[in-house]
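Chains G and Z, in that order, give the protein sequences. Residues 1 to 291 in our numbering are what the first sequence lists, from first letter to last. Residues 1 to 283 in our numbering are what the second sequence lists, from first letter to last.
The set of hints was computed from the structure by calculation and includes no laboratory data. Warning: the hint list may mix true and false statements.
List time: in silico SDA-like cross-link candidates among lysine to any residue, alpha-carbon distance up to 20 Å [stated by the list, open to error]:
| # | chain 1 | residue 1 | chain 2 | residue 2 |
| --- | --- | --- | --- | --- |
| 1 | G | K285 | Z | R187 |
| 2 | G | K8 | Z | R187 |
| 3 | Z | K43 | G | A191 |
| 4 | Z | K137 | G | K8 |
| 5 | Z | K244 | G | V235 |
| 6 | G | K285 | G | L220 |
| 7 | G | K205 | G | Y35 |
| 8 | G | K8 | Z | F104 |
| 9 | G | K155 | G | E145 |
| 10 | G | K205 | G | V188 |
| 11 | G | K155 | G | Y35 |
| 12 | G | K202 | G | A191 |
| 13 | G | K202 | Z | I14 |
Going by beta-carbon spacing under 7 Å, a handful of chain Z positions derived as facing chain G [as the list claims (entries may be wrong)]:
| # | residue |
| --- | --- |
| 14 | F48 |
| 15 | L127 |
| 16 | L141 |
| 17 | F185 |
| 18 | Q269 |
| 19 | S271 |
We put the beta carbon where it would ideally sit given N, CA and C, even for glycine.
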Amino acid sequence: MYSLKQNKLLLLGLCLPATLIVAIFIIFPIANGVYMSFTDASPLRPTSKFVGFENYRYLFADDVYWQVLGNTIFIIGFATILAMLISVCLALLLNNTIRFSGLYRSLIFQTWVVPWIVIAILWGWIFNTDYGLVNGTLAQYGLIESQIDWLFNGKYAQWAIILCFAWRSIPFLMVIMLAALQGVPGEVLDAAEVDGAKYWQKTFKVTLPLIQNISLAAALMQAVRMFQEMTLPFVLTEGGPMNATMVLSMYSYNLAFDSWDFALAATVGSLWLVMLVLFGAIYLKTVVREM
Amino acid sequence: MKFSFSKLVRGYIIPYGLQASALASTAILISPIVWMVSTSLKKESEVFDRPPVWIPSEISFDSYFRIMNSFVANILYNSILVALLAAIIATVIGAMTAYALSRFAIPGKSTIMLFFLSSLAFPIPLLMMSMYILLMKMGLLDTLLSMIIGHTVITLPITVWLMKNFIDQIPKEIEEAAYVEGASFLRIIFFIVFPLSMPALTASALFVFVTSWNELFFGLSFISSPDLRTVPVGISQSFLQEFKTDWTGMMSLAVIVTIPIGIIFVFLQKSFLRGMIAGSVKG
């Protein structure tokens with residue numbers, strides 16, 4: 001008899017490394033971080049004292065915090081919506097029997113491995129005011145009269161970041177949606193066709209509702225990952241101009257490792273954690289329950 | 001033969017239309033990469049041409065030779081070392097945990113899995129602060145090991161998640177048969193279950209490798225010696241200042257640091273996607 005379930009020693013051995021890592025480097029830092037948000041901790045000071053909600057009060061009264069929060073939601077929201085729309089269309093398109101569709105898929109997916117630091121330099125070159133590809137192409141077709149300062153104008157810089165985040169999210173979303181499309185049973189589509197449904201009716205009434213949950217879950221996962229992404233604004237715009245492209249993760253990182261204000265950075269992180277929990281609760285209530 | 005409009009549409013317009021739109025959208029999506037490669041191969045004189053030139057009139061590798069020095073070799077070496085070790089450690093530890101979660105009766109299993117999934121979204125700066133303090137106390141700051149630890153920590157949850165969903169689909173009967181034959185538990189896990197999970201192992205190792213190759217901020221705050229810098233740290237801390245307006249040089253470096261990961265990916269893509277999809281869609 002295969003008595004794996006009784007083998008306590010094996011279970012312990014298998015789980016020990018991960019448990020240690022998670023306890024020391026994830027659970028402790030989270031708990032300690034939340035604790036630090038109620039103190040005036042800083043690595044520049046040998047001791048720290050408890051200050052209650054002082055950091056929270058300071059942050060809520062700070063215009064920059066609200067601006068950063070707004071930027072982050074704006075940038076990630078639009079990037080995710082844009083990426084979803086394009087990925088759905090791409091997945092539907094490449095799900096047809098098209099010659100070379102495998103090649104197209106892998107070419108598009110290749111963009112997923114381009115390192116962020118490379119993307120940051122590349123975006124700086126493409127959106128360069130005097131010699132960039134974007135201004136060059138727009139001018140070539142007479143769409144602009146003078147050069148646009150893409151990265152030095154708050155609104156434009158935000159859109160340059162949004163475009164980049166969307167571009168970067170498309171490969172992953174497309175692959176997940178293609179996989180979901182392949183899971184749509186052919187009989188259902190055949191039945192719809194027998195009933196006289198046209199291609200667009202099949203797509204909107206049958207296919208898309210069937211892949212809706214997986215797509216939403218993938219979009220959410222992607223949005224959450226983008227929340228942590230700060231290499232691009234850090235290198236490309238340094239959060240500027242005037243904090244226009246400052247995202248929450250970078251704001252918190254700068255507070256911690258530039259101003260060495262661990263307490264305030266921990267406060268930003270703790271509030272982020274609260275948002276995450278709320279987000280997760282809504283997600284579990286709506287998306288998962290329907291599955 | 002009678003001319004039929006619907007035949008024309010079905011036979012030519014739709015197939016060619018689909019082909020054209022697939023080609024066009026792929027071209028647009030990969031155009032930034034093409035532009036990067038194209039700039040890196042241009043002669044200095046052609047870089048600033050208006051309207052933009054996509055195909056260099058003369059291919060030149062000058063900028064590659066210009067930027068390839070011991071500094072670039074060093075950051076590549078550090079990155080490969082950190083990414084490789086993090087990938088191995090995170091994948092092996094993740095796979096062991098995943099096997100336990102898949103086969104043992106562990107109380108609160110779904111909560112543990114939910115924790116692993118949500119820890120992907122945890123605020124990294126919040127983790128980094130306490131990690132910084134811990135590593136300082138351990139005397140590990142300013143070592144490559146500190147980065148390996150950091151990258152292992154942030155990717156371990158996804159390796160557990162991917163592996164568990166994959167191992168769940170491997171029939172238990174195979175292990176039972178091996179057990180009856182007299183194989184030990186460790187033998188079963190390492191010589192039967194893991195080889196059967198190759199797509200998922202590949203997927204998670206590659207995921208860790210890519211994440212590590214990408215990661216800037218652990219390196220930025222944990223490392224102070226210039227010769228321990230990884231690719232993103234080296235580029236942002238020294239290269240960008242030094243090569244500010246040398247666009248061909250910058251694009252050459254961009255191509256060079258993308259190549260290692262691109263090559264691995266070309267070979268492992270099929271396996272990676274299989275593991276990734278099995279792990280996330282069915283999960």
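Evaluated hints:
1. G/K285 / Z/R187: At roughly 42 Å apart (the allowed maximum being 20 Å), Z/R187 and G/K285 break the hint.
2. G/K8 / Z/R187: Holds. G/K8 to Z/R187 sits at ~17 Å (cutoff 20 Å).
3. Z/K43 / G/A191: violated, 60 Å
4. Z/K137 / G/K8: violated, 34 Å
5. Z/K244 / G/V235: holds, 13 Å
6. G/K285 / G/L220: Holds, at about 14 Å.
7. G/K205 / G/Y35: Violated, at about 50 Å.
8. G/K8 / Z/F104: holds, 9 Å
9. G/K155 / G/E145: holds, 19 Å
10. G/K205 / G/V188: Measuring from Cα to Cα gives roughly 11 Å; hence the hint holds.
11. G/K155 / G/Y35: Distance ~37 Å between G/K155 and G/Y35 Cα, so the pair is violated.
12. G/K202 / G/A191: Distance of about 10 Å is within 20 Å: holds.
13. G/K202 / Z/I14: holds, 17 Å
14. F48: Check passed: Cβ of Z/F48 comes within 5 Å of chain G, closer than 7 Å.
15. L127: holds, 5 Å
16. L141: With a minimum Cβ separation of about 11 Å from chain G (threshold 7 Å), the hint on Z/L141 is violated.
17. F185: holds, 5 Å
18. Q269: holds, 6 Å
19. S271: violated, 13 Å
Hints 1, 3, 4, 7, 11, 16 and 19 from the earlier list are contradicted by this structure; the remaining hints agree with it.
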